[in-house]
Amino acid sequence: MSHEHHQLDLTGVGFCYGNKEALREVNFSTHCGQRLALLGPNGAGKTTLIRLLAGLLPLQSGNIQWRENSITKARREIAYLPQVDQHQRNFPIRVKDVVAMGRFPHLGHLHRFRKIDREKINEAIDLMNLGDIAHRQIDQLSGGQQQRTFIARALAQEAHVLLLDEPFNGLDIESRCHLSDSLVELTQSGHLIIASHHQLESVTQIFTHALVLDQKQVEFGEATKVMESESVKQILHSCHPHAHERAL
Amino acid sequence: MNELFDIPLYQRAILATLIIGFVNGYASAFVLLHRSPLKLTALSHSLLPGVALAAYFVGLGVLSAFFGAVIAAVIIGVLTVLLSRVTKISDDTVLAVLYTGAFAAGIMVLLKLGSNQDLENWLLGNILGLSDFDLWMSFVVGIIAVALLSLFRRAVVIKLYDPEVAASLGIRTRLLEYASFAVLILVLVTTLQAVGCILAIGMIVTPAAIVRPYISSPETLFPLSGLVGAAGSALGLYLNIHFDLPGAGASIAATLAAMFLISVVLRSIFAK
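Chains as they are written, first to last, in this note's numbering: chain R, 7 to 254; chain D, 477 to 748.
Just so you know, not all the hints are guaranteed correct.
Non-contacting residues of chain R with respect to chain D, defined by C-beta distances greater than 12 Å in every case (computed) [claimed, not checked]:
hint, residue
1, Gly-20
2, Gln-92
3, Arg-124
4, Leu-133
5, His-141
6, Gly-176
7, Arg-182
8, His-215
9, Gly-227
10, Lys-231
11, Ser-237
Rough simulated footprint, nothing fancy, chain R against chain D, three-plus residues with beta-carbon under 8 Å [claimed, not checked]:
hint, stretch
12, 561-572
13, 632-638
14, 641-648
Calculated directly from the structure, the hints in this document are not laboratory data. Virtual Cβ for every residue (Gly too), placed ideally from N, Cα, C.
Excised from the complex, chain R in its bound form:
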């Protein structure tokens, strides 16, 4: 299903923590079907931008529009996937329960799970190949399996936009390949993927587009072109010298 007309537009977006400016003048447009990498050194504003898009930080300046409406009206369509080690450890919860959390925006506090909710949960579990481990405790799984569980939660939420914070962190090579394939499949099925990323050598393999931040927008465009830009090389080289050499 194509959702390429579903567009995310950012105009003059900025954010300050107290007196400290974290981000300013971010302007770009992207749409479903794209995989956008957020790149930049530590403190460049990648996480701030993801948190703004996820509604975890209030918009202080600028405008964020999703499908030509304020993003605040479309929370249900935006899923946030934090780093895999962020959730509480040793929490007694199964994969299926975590996926079911995605139905909260549809059910609220009081409604019971309906047939449609169970169908969406099972569909998401099947799509992410979690059927065999659906009843296992989430903490017994590998990082890659946990990441797939969180993507399944986003699918159960019926989100169009998936915001991922450093999704490849701590994954082994096999899990990275699986996750990369999953992200490609998701965009092919009409989702928009936005992920902070610091493994420069894999940017062009995984992502279609890239946004480079250094407390302001440095570059935005197709991933291959952005990674060839001299100003981008300078910024990214200073924070990842070895990775960048590999990328070149």
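Position chain D relative to chain R; hints supplied.
Chain D alone, transformed into the frame defined by chain R:
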């Protein structure tokens, strides 16, 4: 022995133990998932000065004790948040300072006002001394607490698992946190009379810890903890009466602790 349970005093006590045990057990699932037993310890000790001051100003009664305890807990809770923000000292440290200070003040006021027996009752409880009104109050507050925790359980579980994901799903996490602690205060206040502010911690922490090794989902943790809380507390009271032991509240807390140890041993045997 059975004739003992024909006596209204014991009938009331066993009914109260079942109700309070279930409600505390149900709430203990939240405490376990929230990882906040130390905060609860502080909270339960903070209730004492409220009870003491209520006794000082309007005389010692069930309702005055109830509202005094609630007001004290709210004041200590709000002061902890405010002072922690102003001083940048961790809220655990500020809470420890405030609750020990408040607890000490409460002991002094109670000693000044009444006998050592009154003080002992508030510290260690007196479940055999509960009136019909106390029983009704435990029942009503228990229903409210369990209903609220059940109604908001879905959001509570998501928030406890990952607060940021909960917020991104539209859950008002801060409001939910305050509301949850308000419910815990209600539960503690009704437990206070039964087992006292010190032993109340055992009732609101232990049941979920007993159940935890055997369950894999919050859906079962809450009700099962409630049932174990009720059964363990009733067993504690039964043993206390049967063996004519001193301190019913102490027997309940000790029984729950013993059940926890047995649960851990059994789990380690079956896990092999």
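Quick rundown of the hints versus the structure:
For Gly-20 (chain R), the non-interface assignment is confirmed: its Cβ lies about 21 Å from the closest Cβ of chain D, beyond the 12 Å cut-off. For Gln-92 (chain R), the shortest C-beta to C-beta distance to chain D comes to about 6 Å, within the 12 Å cut-off, and the non-interface label is violated. Here Arg-124 (chain R) stays apart from chain D, with its beta-carbon at least about 14 Å from theirs, past the 12 Å limit. The Cβ of Leu-133 (chain R) sits about 19 Å from the closest Cβ of chain D, beyond the 12 Å cut-off, so the non-interface label holds.
Taking the minimum C-beta to C-beta distance to chain D, about 8 Å, the non-interface status of His-141 (chain R) is violated against the 12 Å cut. Once the 12 Å rule is applied to beta carbons, Gly-176 (chain R) is consistent with being away from chain D; the minimum gap is 17 Å. Under the 12 Å C-beta cut-off, the non-interface status given to Arg-182 (chain R) relative to chain D holds; the minimum distance is some 23 Å. Interface exclusion of His-215 (chain R) from chain D stands, the closest Cβ pair being 23 Å apart, more than 12 Å.
No Cβ of chain D approaches the Cβ of Gly-227 (chain R) within 12 Å, the least distance being about 28 Å, so the stated non-interface status holds. No beta-carbon of chain D comes within 12 Å of the beta-carbon of Lys-231 (chain R); the shortest separation is about 31 Å. The non-interface label for Ser-237 (chain R) is consistent with chain D: the shortest C-beta to C-beta separation is roughly 33 Å, beyond 12 Å. Only residues whose C-beta sits within less than 8 Å of a C-beta in chain R count toward coverage, and the stretch 561-572 of chain D has 0 of them, not enough to reach three; the restraint is violated.
For the stretch 632-638 of chain D, the assignment as covered by chain R holds, since 5 residues bring a beta-carbon within under 8 Å of that chain's beta-carbons and 3 suffice. Counting residues of the stretch 641-648 of chain D whose C-beta sits closer than 8 Å to any C-beta of chain R gives 6, which meets the bar of three, so the coverage hint holds.
The earlier numbered hints that this structure contradicts are 2, 5 and 12.
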